[in-house]
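Once you've looked at the hints, go ahead and assemble the two chains, each given alone in its own frame, into the complex.
Residue numbers (the numbering used here), protein chains in the order written: chain A, 6 to 326; chain B, 18 to 283.
Treat the hints loosely; a few may be bogus.
Looking from chain A toward chain B, a few residues come up when the C-beta cut is under 8 Å (computed) [stated by the list, open to error]:
| no. | residue |
| --- | --- |
| 1 | Thr81 |
| 2 | Glu101 |
| 3 | Asp116 |
| 4 | Leu120 |
Think of the hints as simulated: they come from the structure by calculation, not from any bench. Backbone N, C-alpha and C fix where the C-beta goes; we use that ideal spot for every residue, glycine too.
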Amino acid sequence: MVIAVDGLVKHFRVSRRAPGLRASLGGLVRRRYDVVRAVDDVSFEIPEAQVVGFLGPNGAGKTTTLKCLSGLLHPTAGRVSVLGHTPSDRSSAFLEQLSLVMGQRNSLFWDLPALDAFMVNKTIYRIPEPRYRETLDELVDLLDLAPLLDRQVRVLSLGERMRCELAGALLHRPRVLFLDEPTLGLDVTAQAALRGFLADYHRRHGATVLLTSHYMGDVTALAQRVIVIDRGELRFDGDLAALTRRHAQHRVIRLQLSGAVPVDGLGLDVVEHEGLSLSVRVDAARTAEVAARLLATLPVEDLAIEEPPIEDIIRSVFAGG
Amino acid sequence: MAEISIRYPALMRSSALAVLAYRGRLVVGFLTDLFPFLLMAVWLTVVATAGPPRGWTAADFVAYYAMAAVLMQLSGQHVVWEWDRDLRSGDLSVRLLRPLHPFHQYVASDLGYRVVSLALFVPGLVLVAVLLPVLTLDLTVTRAALAVPATLLAYLVGVLMASIVALLGFWSTQTTNVWMLFWGLGSFTSGWVAPVELMPGWIEAVAPWLPFFTTLGFPVELWTGRMTESESGVHFVVAVGWALLFAAAYTVVWPRAVRRYQAVAG
Numbered sequence: 006m007v008i009a010v011d012g013l014v015k016h017f018r019v020s021r022r023a024p025g026l027r028a029s030l031g032g033l034v035r036r037r038y039d040v041v042r043a044v045d046d047v048s049f050e051i052p053e054a055q056v057v058g059f060l061g062p063n064g065a066g067k068t069t070t071l072k073c074l075s076g077l078l079h080p081t082a083g084r085v086s087v088l089g090h091t092p093s094d095r096s097s098a099f100l101e102q103l104s105l106v107m108g109q110r111n112s113l114f115w116d117l118p119a120l121d122a123f124m125v126n127k128t129i130y131r132i133p134e135p136r137y138r139e140t141l142d143e144l145v146d147l148l149d150l151a152p153l154l155d156r157q158v159r160v161l162s163l164g165e166r167m168r169c170e171l172a173g174a175l176l177h178r179p180r181v182l183f184l185d186e187p188t189l190g191l192d193v194t195a196q197a198a199l200r201g202f203l204a205d206y207h208r209r210h211g212a213t214v215l216l217t218s219h220y221m222g223d224v225t226a227l228a229q230r231v232i233v234i235d236r237g238e239l240r241f242d243g244d245l246a247a248l249t250r251r252h253a254q255h256r257v258i259r260l261q262l263s264g265a266v267p268v269d270g271l272g273l274d275v276v277e278h279e280g281l282s283l284s285v286r287v288d289a290a291r292t293a294e295v296a297a298r299l300l301a302t303l304p305v306e307d308l309a310i311e312e313p314p315i316e317d318i319i320r321s322v323f324a325g326g
Numbered sequence: 018m019a020e021i022s023i024r025y026p027a028l029m030r031s032s033a034l035a036v037l038a039y040r041g042r043l044v045v046g047f048l049t050d051l052f053p054f055l056l057m058a059v060w061l062t063v064v065a066t067a068g069p070p071r072g073w074t075a076a077d078f079v080a081y082y083a084m085a086a087v088l089m090q091l092s093g094q095h096v097v098w099e100w101d102r103d104l105r106s107g108d109l110s111v112r113l114l115r116p117l118h119p120f121h122q123y124v125a126s127d128l129g130y131r132v133v134s135l136a137l138f139v140p141g142l143v144l145v146a147v148l149l150p151v152l153t154l155d156l157t158v159t160r161a162a163l164a165v166p167a168t169l170l171a172y173l174v175g176v177l178m179a180s181i182v183a184l185l186g187f188w189s190t191q192t193t194n195v196w197m198l199f200w201g202l203g204s205f206t207s208g209w210v211a212p213v214e215l216m217p218g219w220i221e222a223v224a225p226w227l228p229f230f231t232t233l234g235f236p237v238e239l240w241t242g243r244m245t246e247s248e249s250g251v252h253f254v255v256a257v258g259w260a261l262l263f264a265a266a267y268t269v270v271w272p273r274a275v276r277r278y279q280a281v282a283g
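Bound conformation, chain B alone (with noise of 0.2 Å):
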């Protein structure tokens, strides 16, 4: 494993440097990365006409989806487009001929990625929660402690997620579509449409014991201060089973997928 780790600095320099490259391509990707407080104007709004739900003010939506805005940019998620557009182009094959497993190659290139866009984003937060009092994290050591290693679990689980989903590629060519609706259908009991907390009763009881609340609400509920330390405790246990049964899953798979590559073009 040490092995492997020396080299993700090199290939996360690389991924950092071809963001910089661009500068159009930065500030839309900061851009896009505001998105989710789309989702918190929706919810400040029914606050300001119905009242708070279930105790949650204002002030709690927007801590929540400011910290929910940094999650999604560890998501993880982008791997899957990098796995989908290499299959089909046949560039995969580049990859493969490397001496590191292609996974590490992605997931190397997506941190390298994210460092430039967290380095904006995080910053221009903090300047925020500075001029505008309402965005506070009310943040003690003990959780901070907590929501580091949540965060770092939220991250691992996602991209063996979305990697796992990318495989499929190898029978169906193109995996995008089917990452989009399996996303989309996980948004809702990640704590991304609402916080879980805030689901119908069936969906808040479900979401705990599944893969997508671990790669959001757990991270941004124990950094907003809705989670207690105490109650951590179980998620932590659910997440690294999830990251466990991820890697093993990832493991029986890609030896078989690997095989079905036809290196096409070139």
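If we strip away everything but chain A, and leave its shape as in the complex, we get (with noise of 0.2 Å):
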């Protein structure tokens, strides 16, 4: 395994204080601290070259796994290992086979064009220069860097400057990349094209991905397993498909109508009437039957049967559903 996580605990110890210069006076005297269980005894595995989504609402713990996981933040109990180190001991054998990309955190030069930051990654990574030289190159194409690379990070707009990110953060090919929001921010076709690129990016290095996104279609798009973690504990892990089985329990039949008809006398849950289109929810396991039933009793055009959106079958992981 290329990752294995094992009873993986994190607590913080967080300070608290009412708002106003009452309590500020009063914080100086007399602290108040809370524990936080960011995470609690999680455990998963990830075999080489899978991408995995990781999901969860916001502070689900998710953050605070990656960052354990890459070496940032020490766990409270618990074992990591990522590529046979435990990722605290923060070794460069380690740190030289991982990336972790955070869309709200610049790890390029605010100052300088992202060639100067990719300058010093090559070094700091000890790249070989045609290797290097092939990368950029691969990167440049894949990601559009081009006509970017020559302006400074703080003029990009933020699609441009994750974009350069990426590029910073993959140079060294890491055989582990945790991404962490990666499209967080971006507008539809900036979102489609990251997703695209990583997409590809796996399969020509075939790297072990860790991804988390509030954007269902970036898991969609790119992870063949999915964990979902909620208040620091683990609620599902397994493949897209299990998930929808296990948690989708009801389908909508989309009907399109040759005529009109009264549908208050039909015993069906219309989700949407109107005109000759006719939305109905169905209980998952009856979808067959009831579908036979509407094509027998109603004069119907064209008829789809859809699951439910995969943001509605998180949402019931997450309602214990």
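Okay, structure coming up:
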């Protein structure tokens, strides 16, 4: 296994203070602390070259887990192994094979063109010149970076900066790639471009990828497997289809009718009825039976069965459904 | 160590390029480099009104504070502000993810900045020395050969001392105020407020054994000839001792400090 997490626990001690001047002055004398259980007994394993989507609401513990896996945070308890290393040891041999891309964090040099940061990475990661040239050319091509390389990072748009961030993070061809909200704040076009690039990069280099994102599109486009975490606890670990099977208890049947019919007396859970379009929600186990009945009793021109949106499924996981 | 040192030039280069990106910052930086000359002006007034204290003439003060201005640039204290900012913002995460200890990243970055500022400052100082004969160093080859390693040791001790104070940020989050207090108290024994020879007897007796003197007074007195070659031996021993002590302290504190890192934001 490239990544092995066994009973990972990470607790933070954070100070707590009410707003206002009085509370501020009081805080100078007496501090109050809370223990935040960011990750509580989480275990999973990821084999080489797998892309895993790491899902959960804000504060679920996704980023904390990634930070433990990349050696930024020392676990409170439990064992973590990445590429055979204990991440918190932060050995050079480990860090040279890893990248963590954080959507909200700038790892380039703000006042310099991205190319200057790439040169620093080349030295720090000891990338031989021919391989650096080859990888840079590939990344410039895939990410369309040519017009950006000689511009100060601070004048780049968010999408442009993220493309440069990714290039900087991939120059040393990491075997393990942690992506924390890589498409956060990007427009739809930039999100799609970044997803396309990541999928292509994974195909070419076979890196093991753990991806967190609030955009389900990122996960469905890239991940073969999802891990769902909520309030620090693991809720689901498996492939997307299994997640859908387990948590999508309803289907939506969309009908296009050839003539108007009254729907009140049909005993259906109507989701939408407008003109000749009709959508009904049915229990997943009865989908075929209801679809057959609708075809037999209504003037159906077209029929489609849809699974609920993945966002709804994830919501049902968080709700304990 | 060789593995680490080959990474310094690239980081120094990027830091130097960042300094050169803003002309205004360069000018302001140059002006703050002139700050030691304010103290020089105070002492020149003293000489003019009360005569040379303990035989220190106007020329002695000019040479002393000119070299103090150079050594101030090599104090290494800038790293405290870098550590402090990165710890509070969480930007330290970026440095921790690189396969090079953050200490080296901060030092290389500081050196890159110093290369640019010294490249502007030292030629300016030489020009002043040529135009105003009052600024002379009366340097011998032997003393210069000793002053160079003394200056390097001053930087090493200074940057190690500043880095250890910076590590307190893992416990207190904010360290620049602690450093200002530490540095402010130390400036009475470093030779910054006044040459140690002119301080009260007990400070003059204690100062040579403290790290603050190693970072400023020791190399400045060697450069200006206030300290002889034979007198410098004991100060080299003290300087190496502080360097080793601080390096050992850093290696002990660092693993405990980094365990407390919370990697805030992002």
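field: Ascending list of hint numbers which this structure does not respect
entry: 1, 4
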